[in-house]
Amino acid sequence: MKELKSDYQCAIDLVIDVIGGKWKVLILWNLNEGVKRFNELKRSLPNITQKMLTQQLRELEEHGLVERTVYQEVPPRVEYATTEMGKKLQSTLFEMCKWGDEYAQTQGITMNRCWTTYNFMD
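Going left to right, the sequence shown walks through residues 1 to 122 as full-length UniProt numbering numbers them.
In short, the hints are calculated from the structure, not lab data.
Careful: at least some of the hints might be erroneous.
Just the calculated beta-carbon pair ranges, DEER-fashion [to be verified]:
| # | residue 1 | residue 2 | range |
| --- | --- | --- | --- |
| 1 | Thr106 | Lys5 | 29 to 37 angstroms |
| 2 | Tyr71 | Thr110 | 35 to 43 angstroms |
| 3 | Gly21 | Asp101 | 17 to 25 angstroms |
| 4 | Ser44 | Ile12 | 39 to 47 angstroms |
| 5 | Arg77 | Gly20 | 13 to 21 angstroms |
| 6 | Arg77 | Asp17 | 46 to 54 angstroms |
| 7 | Trp99 | Ser44 | 17 to 25 angstroms |
Here are the simulated lysine-lysine pairs, DSSO-like style, with alpha carbons at most 30 angstroms apart [as the list claims (entries may be wrong)]:
| # | residue 1 | residue 2 |
| --- | --- | --- |
| 8 | Lys24 | Lys36 |
| 9 | Lys22 | Lys36 |
| 10 | Lys88 | Lys51 |
| 11 | Lys51 | Lys36 |
| 12 | Lys51 | Lys87 |
| 13 | Lys98 | Lys24 |
Note that the structure is a prediction, hence the values are computed from the model and not measured.
The beta-carbon is built from N, C-alpha and C at its ideal position, and this holds for glycine as well.
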């Protein structure tokens, strides 16, 4: 995991350290729908490798944005969900998605909608 600094010049710099990169925001956005198992997340992010998904989930868990629940069953079951701190990002992610849609339109970029979670705040 990337170690967080003890001092930041700007809160945005901290945010980038915590949720920056290609996959973390997409993982958090996908978890807006609710609890997901690993393979559900993997299917919703078809271009991510299993190793990368595992790494990104661990980092989000270590930063307190995602919680991992292991059920002692056969076969073992593991579920992921956003924590209260992770849920505080939902409205920001929603605004980012709306901005992306608007920007794509101004640039003539064809977009698929951001999963069904796009409607979670409608």
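Report the numbers of all earlier hints that the structure fails to satisfy, in ascending order. Violated hints (numbers, rising): 4, 5 and 6; every other hint is consistent with the structure.
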